[in-house]
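If you want the building blocks of each chain, they are given just below.
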Amino acid sequence: MNARLTPRPDTRAAGVRADRVRVHFRTRAGTVKAVDDVSFDIRAGETFGLIGESGSGKTTLGRALAGLQPLSGGRLFYDDREPAALNRAQRRQQRRDHQIIFQDPHAALNPRMTIAQSVMEPLDILRDGDRAQRRRVADEALERVGLAPEIGRRYPHELSGGQKQRVNIARTLTLRPRFIVCDEVVAALDVSIRGAILNLFADLQDEFGITYAFITHDISVVSHVSDRVGVLYLGRMMEQGPTAAVCEQPLHPYTQALLSAEPLPLPADQRDDRRRIRLQGEIPSPLNPPSGCPFRTRCPRAEQRCAEQVPEWREVAPDHRVACHFAGPV
Amino acid sequence: MAHDEQSPQPLLAVRDLNIAFVHPGGETAITRDVSFTVGAGERVGVVGESGCGKTVTGLSLLGLLPKRTARVRGEILFQGRDLLKMPARELRRLRGREISMIFQEPMSALDPVFTIGEQLCETLRAHYPVSRKEARERAIAALEEVGIPSPHLRLDDYPYQFSGGMRQRVMIAMALICRPKLVIADEPTTALDVTVQAQIIDLLRELSDTTGTALLFITHDLGVVAETCSRLLTMYAGEVVESAPVDTVLRRPAHPYSSGLLRSLPGLSERGGRLPSIPGRVPAPDNMPAGCRFQARCPHAADGCEQGQSLRTLEADRLARCWRSAELTLPGAVTP
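Protein chains in written order, with UniProt numbering: chain S, 1 to 330; chain Z, 1 to 336.
Honestly, I wouldn't trust all of these hints.
Stated by the list, open to error - Pairwise CB distance ranges (calculated):
| hint | chain 1 | residue 1 | chain 2 | residue 2 | range |
| --- | --- | --- | --- | --- | --- |
| 1 | Z | P24 | S | A84 | 38 to 48 Å |
| 2 | Z | G212 | S | D19 | 27 to 37 Å |
| 3 | Z | T313 | S | Q270 | 23 to 33 Å |
| 4 | S | R112 | Z | P24 | 17 to 27 Å |
| 5 | S | L86 | Z | P24 | 53 to 63 Å |
Said to hold, decoys possible - Anything over 12 Å on all C-beta distances counts as not near chain S; from chain Z, calculated:
| hint | residue |
| --- | --- |
| 6 | G48 |
| 7 | L59 |
| 8 | P66 |
| 9 | L84 |
| 10 | R136 |
| 11 | E144 |
| 12 | Y236 |
| 13 | R263 |
| 14 | R281 |
| 15 | G291 |
| 16 | Q295 |
I should point out that these hints are in silico values taken from the structure, not numbers from a laboratory. The beta carbon of each residue, even a glycine, is placed where N, CA and C say it ideally should be.
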């Protein structure tokens, strides 16, 4: 294997820290607080899962983490350094180190470019190496994600969804990134091949020491791949902690409802219908979020206090944080 | 509850349904010999991955495939009458009244320039001689039934004024307003958030129970089927490969594809461990292998799989298109 695809000797996986991050969008109808005061840290080499329903701000947060979305407030640190403190060359390197892979593998590929051209494009843009070298890196990346080099001569429409997502992974891999935001990367794929793609992500993490922010609405996926998870609702972090703690002893009423809403492929006598929590209504408009706790309008435990006071973001167990006045087991 | 699966004549009996699309280069077969039944009040799930023919099968039941390009052969017996031989006028009378459909994307299934009240009343008045006033009252009742708050006020709203979940409720109200005997629901919750999906699943199950409406539930999500249906049809590459009660399939699937699908669900594997998946991909419709269509991806393939496979009866109400079903012990979602 060519040295270019192996981790550089100086490579450590990147740690990311978000400190009261805000992304607000001003629209004619008012300000949308897509991400509001969100704090968390992603440890070097781990997979941090972000769960949320549509409108929770998870994609905006992912774009911010990848450096594609300017912040309206708060700060992001990469390896304890702020992007603003970097010089030009360092910022270039940082952009290369932080990548994003999108949900729709087809839309992410230019239909008029061959697969090889698409995979080489990031290196072309960076003018990294000569053409033959770039070609070799691209071929290796394709091979690493399980595709034959002949695929390089084909066009996206000739590939299956799973193959296209592998191409997107290969393209990112050519840059040897240290941190990848994975935004719903298996949502568009058939169930039977999701496992293979998720396994590939895990293998690449082991091999190259990559840190992932794994964004999804699918609880079974996020709980499988993540070391730690954060639960977003209306732009705010509701709960965060080690995956086992959050998925097995959720403390926030929203997390509890979300987990119990997941339809389980179990026979009738093994489904515990008593523990089912059914939320009323849908996520409110982010243009006009509820006062106090954003979840209170649908929360089975809401009281007067929830409308008046934004719940404090507090640590209730080691590394297990929650924003709820009444957080506790069901 | 109008539940009589054992009745001599099922509500719907599909026999050897072969659907093909005609194009300048010839004909591409999409489904082959699809046969199944739906009893009165029964809820049957159809699962399969993209391209397996489940949506096309659903559309064919209502005669909604394009006449010029779709060739439909076989029999679709609804209450004993073949829908494929029925004159267009009669079929139109049946559609919406006896059989109706709920689509995946409610926004594109609703007409954006009419209020939902107009659309509900139109459905009703197309089939029954009711006055405008009465239709309006029935429409309000229908919206109330699907849990839309202040239905008398929402009736004059346009689709864009509803959220995704509420729009799907409107679709359900429209599908049920004529009290059909069969509703075909094609991925009705796929576009919805998981908390809203849970509400819609509960609603569909309750309404089917109270009205005795049978449901053909097309989805790729085995969890949704487990929570909604009593029987499961698994489709692969245009064929029904297994038909059995849902709980039986979850415990001991009879076809390697059903088993592989169940094992692929990440929720069933140890956290952080390797996830099983099915290698390879579905063969293209114009390049189907002879014999079993799953053989190239099947971990149990053996000599004999290159022979054509028929849907074999293993026991009453349990069929599989695999000659090795009887000898294989396949893992399901749970240990039996």
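Taking the hints in turn, this is what the structure says about them:
1. Distance hint check for Z:P24 and S:A84: the Cβ-Cβ separation is about 60 Å, which falls outside the suggested range of 38 to 48 Å.
2. The hint said 27 to 37 Å for the Cβ distance between Z:G212 and S:D19, and at roughly 58 Å that hint is violated.
3. The supplied range of 23 to 33 Å is met by Z:T313 and S:Q270, whose beta-carbon atoms lie about 27 Å from each other.
4. The beta-carbon spacing between S:R112 and Z:P24, approximately 25 Å, falls within the hinted interval of 17 to 27 Å.
5. A C-beta distance of roughly 58 Å is found between S:L86 and Z:P24, which places it inside the suggested range of 53 to 63 Å.
6. At roughly 9 Å, the least C-beta separation between Z:G48 and chain S is not larger than 12 Å, which violates its mark as non-interface.
7. Even its closest Cβ contact with chain S, about 20 Å, leaves Z:L59 beyond 12 Å, as expected for a residue assigned away from the interface.
8. Every CB of chain S is more than 12 Å from the CB of Z:P66 (nearest about 23 Å), matching its label as outside the interface.
9. No beta-carbon of chain S comes within 12 Å of the beta-carbon of Z:L84; the shortest separation is about 30 Å.
10. Against the 12 Å criterion, Z:R136 stays outside the reach of chain S, whose nearest CB is about 26 Å from its own CB.
11. The Cβ of Z:E144 sits about 16 Å from the closest Cβ of chain S, beyond the 12 Å cut-off, so the non-interface label holds.
12. With a closest Cβ-Cβ approach of about 10 Å to chain S, Z:Y236 is found to fall inside the 12 Å limit, against its non-interface label.
13. Not every CB of chain S is more than 12 Å from the CB of Z:R263 (nearest about 8 Å), against its label as outside the interface.
14. A beta-carbon of chain S comes within 12 Å of the beta-carbon of Z:R281; the shortest separation is about 5 Å.
15. Distance to chain S confirms Z:G291 as a non-interface residue, since its nearest Cβ pair spans about 20 Å, more than 12 Å.
16. For Z:Q295, the requirement that its beta carbon stay farther than 12 Å from each beta carbon of chain S is met, with the minimum near 15 Å.
Hint compliance for this structure: hints 1, 2, 6, 12, 13 and 14 are not met, and every other hint is.
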